Amino acid sequence: MAIAVFFVAAAMAVLGGIGVISFHQPIRSVLSLVVVMLALSVEFLLLSAQFVFAVQIIVYAGAVMVLFLFVIALLGPARELGRGRLRFQAWLSGLFVLVLLGLMWAMLQGVQYRQPDSKADMSLFGTVQAIGVGLFTTYLYPFELTSILLLVAAIGAIYLSRKRIDDL
Amino acid sequence: MSTLNIGGSQIDTSWFLLLSAVLFILGTTGVLVRRNPLVILISIELMMNAANLALVAFSRQLQNMDGQLFALMSMTVAAAEAVVGLAILVDIFRTRDAEDVDDLSELRG
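Chains as they are written, first to last, in the working numbering: chain A, 1 to 168; chain B, 1 to 109.
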């Protein structure tokens, strides 16, 4: 049953990923990415990551993707024109990604996995309590740094989109 | 050795990693082949999602919460990067209608 859920979600994710890079209209690429994110959130839930599952849907698919949609609505429909300057770019990229996929597959064969401890207490794994304990004790410093990072990003966005009187 | 007991079934960690690799490859293809700057940003988001999946898969394998916390941080960084990238994009599109990143090859506002 869990295997069926995994394969359905994986198929949705891969189809969405192919859609992201294939559609000519950016709006369809964004919506394909939303499909990928929802499929990945199901995968997170399969991996006992309850909080990450919820955050992926609420924050990533629900806020960051909506930001992309707003930008597309602001910029208007745009279509990619025909061939670019490098005519063989698509074939070269295809070869490169095939090589990269082969390398990754080879690397995955050599991974030495540690046997999971079947007697470990996994009742709190992935819960909000475990996230809170980790985020506010061990990783408090990175947590505060991300708040500064978000502040910097917000200031940067406001500055970059300010109204210019003369053409700077 | 890498099988996880998920919901009563035995699922291998390497399946999740393979899915993560395939999604990462698809994102890389998008960055290399597409010329619309918006689609390139979207492909970068796809790559970051694939990395998050790998992080959470290993977190489950090693029974350590660090991977999921790292994934949360990664989502935060991705959100901040998307905000700034899109602000730059909107700024560029305001002055000229660029549908091809090859046209944006000069370091000029």
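Don't read these hints as lab results, they were simulated from the structure. Accuracy of the hints is not assured; some may be wrong.
Cβ-to-Cβ under 8 Å is the rule here; a few derived chain A residues that face chain B [to be verified]:
| hint | residue |
| --- | --- |
| 1 | 8 |
| 2 | 13 |
| 3 | 54 |
| 4 | 57 |
| 5 | 58 |
| 6 | 69 |
| 7 | 73 |
| 8 | 123 |
| 9 | 156 |
Chain B side only, calculated, beta carbon under 8 Å to chain A, not exhaustive [stated by the list, open to error]:
| hint | residue |
| --- | --- |
| 10 | 16 |
| 11 | 40 |
| 12 | 44 |
| 13 | 46 |
| 14 | 47 |
| 15 | 53 |
| 16 | 57 |
| 17 | 73 |
| 18 | 87 |
| 19 | 93 |
| 20 | 104 |
| 21 | 106 |
Keep in mind that this is a model prediction, so the values were computed, not measured. We treat Cβ as the ideally placed atom computed from N, Cα and C, and that holds for glycine.
Contradicted hints - numbers only:
1, 3, 4, 5, 6, 7, 8, 11, 12, 14, 20 and 21
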